[in-house]
Amino acid sequence: MNKISYIVPALLVAGCLLSCNENQQIITFPEPPRAEGTTDVLELRCEPLDTVRIAFIGLGMRGSGAVYRYTFLEGVKVVALCDVDPENVENANKTLEERGFPKAEVYTGTEDWKRVCERADVDLVYVCTHWDLHAPIGVYAMEHGKHVALEVPAALTIGECWQLVNTAEKTRRHCIQLENCNYDFFEMATLNMARQGLFGQIVHAEGAYIHDLMFLNFNDTTGYWNMWRLEHNARENGNLYPTHGLGPIAHILDIHRGDRMEYLVSVSSAQFGMSAYAKEKFGEDSDYAQREYLNGDMNTSVIKTSKGRTIMLQHDVTSPRPYSRIHMISGTKGFAQKYPVAGIALEPDAHRFLAPDKLDSLLRLYEHPIVREVGQKAREVGGDGGMD
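The sequence shown begins at 31 in my numbering and counts up by one.
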């Protein structure tokens with residue numbers, strides 16, 4: 031596990047937040063000294079397990095789907111289910127029964143995640159709670175000898191990033207950020223193309239999380255629990271969710287495999303959409319309409335790497351527009367993008383996209399080996415088109 035990979039999400043968030051102050055000088059994030067007696071967890075290997083005993087913490091929107099998907103894996107036993115909503119736990123146990131698994135132990139208290147991490151019969155803790163608990167649960171689980179799988183973003187501050195890194199190094203436990211967009215089939219095909227030199231030297235890449243979430247953020251019944259995501263957008267300004275767009279292009283650019291991100295500049299638009307939506311939905315005199323929302327509708331960050339390549343990253347969860355992660359790759363011999371319409375253009379005819387039949391043939395030719403091996407099964411049972 032490359033320890034620097036933990037820093038990326040929180041670094042971007044912090045950079046975006048700080049860059050909004052026009053009087054602020056350049057902010058640097060020096061690497062703290064490693065704790066005495068610890069080593070990195072690059073290529074960490076642990077004893078293999080015939081059966082991986084899993085505890086799921088957080089069973090709302092994504093957590094419930096994760097339980098279902100894990101029942102299709104061999105050598106898996108779900109031993110504990112934890113959520114503050116008893117109905118979520120009950121539904122997850124129903125999923126286990128329907129898939130032929132025994133019911134798991136139930137935990138529903140607000141601090142029960144600690145009891146789950148303390149269990150002796152858990153090997154892996156899957157964390158799918160609201161963002162504020164990602165790092166605290168991850169650290170606590172590793173301190174109690176558990177491997178950890180954390181949903182995005184995994185950490186919210188530079189301090190939390192280093193807590194995860196240092197705890198993983200100290201405990202020799204695996205800790206992975208579950209960035210599912212790294213495994214989208216188009217993204218993986220372009221990764222394979224880049225590895226084989228199809229685009230030549232990569233010069234520039236773009237990614238984004240553009241997803242109209244207003245109907246969920248302002249929903250106190252079937253939206254995010256306790257409207258936690260709205261709270262983050264109300265009190266923070268910047269790119270709050272960078273890795274959906276950044277993860278796949280970071281792999282293509284060999285970040286921390288030969289290149290690294292050195293600095294970024296980040297700006298946000300003013301906030302328009304949340305106030306307008308709140309006035310229309312709840313009335314101009316409502317608390318939601320009168321509230322201040324700090325996060326700008328669109329944040330744009332530009333990153334430069336040590337090898338002189340550039341990245342453009344965007345975040346917008348308020349505008350009424352089609353979903354997009356952009357996923358654009360520009361090199362000296364070719365170009366690819368997934369959104370708004372998937373297309374690839376290659377020399378010597380790079381002024382136009384490949385015809386649909388040629389694009390399909392190229393994607394089949396460069397299908398990533400992982401997709402070739404498990405892609406069909408992923409399409410059948412995986413969420414978000416199979417990348418989950």
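To be clear, the hints were calculated from the coordinates, so they are not data collected in a lab. Keep in mind the model is a prediction, meaning the values are calculated, not measured. The reader is advised that the hints may include incorrect statements.
[Said to hold, decoys possible] Each computed DSBU-like pair below joins lysine-lysine, with the alpha-carbon atoms no more than 30 Å apart:
1) Lys133 - Lys107
2) Lys133 - Lys144
3) Lys311 - Lys334
4) Lys337 - Lys309
5) Lys124 - Lys144
6) Lys407 - Lys388
7) Lys200 - Lys133
8) Lys309 - Lys334
9) Lys337 - Lys363
10) Lys407 - Lys107
11) Lys144 - Lys107
12) Lys200 - Lys124
13) Lys124 - Lys363
Outcome of the hint check:
1. Lys133 - Lys107: holds, 10 Å
2. Lys133 - Lys144: holds, 20 Å
3. Lys311 - Lys334: Since the Cα atoms of lysine 311 and lysine 334 sit roughly 41 Å apart, the hinted pair is violated (cutoff 30 Å).
4. Lys337 - Lys309: Given that 30 Å is the threshold and the Cα spacing comes to 47 Å, the pair is violated.
5. Lys124 - Lys144: holds, 24 Å
6. Lys407 - Lys388: holds, 25 Å
7. Lys200 - Lys133: violated, 34 Å
8. Lys309 - Lys334: At roughly 39 Å apart (the allowed maximum being 30 Å), lysine 334 and lysine 309 break the hint.
9. Lys337 - Lys363: Holds, because 18 Å separates the two Cα atoms, which is no more than 30 Å.
10. Lys407 - Lys107: At roughly 20 Å apart (the allowed maximum being 30 Å), lysine 107 and lysine 407 satisfy the hint.
11. Lys144 - Lys107: holds, 20 Å
12. Lys200 - Lys124: Distance ~38 Å between lysine 200 and lysine 124 Cα, so the pair is violated.
13. Lys124 - Lys363: It is violated: about 52 Å lies between the C-alpha atoms, which goes past 30 Å.
Of the hints listed earlier, those the structure fails to meet are numbers 3, 4, 7, 8, 12 and 13, in rising order.
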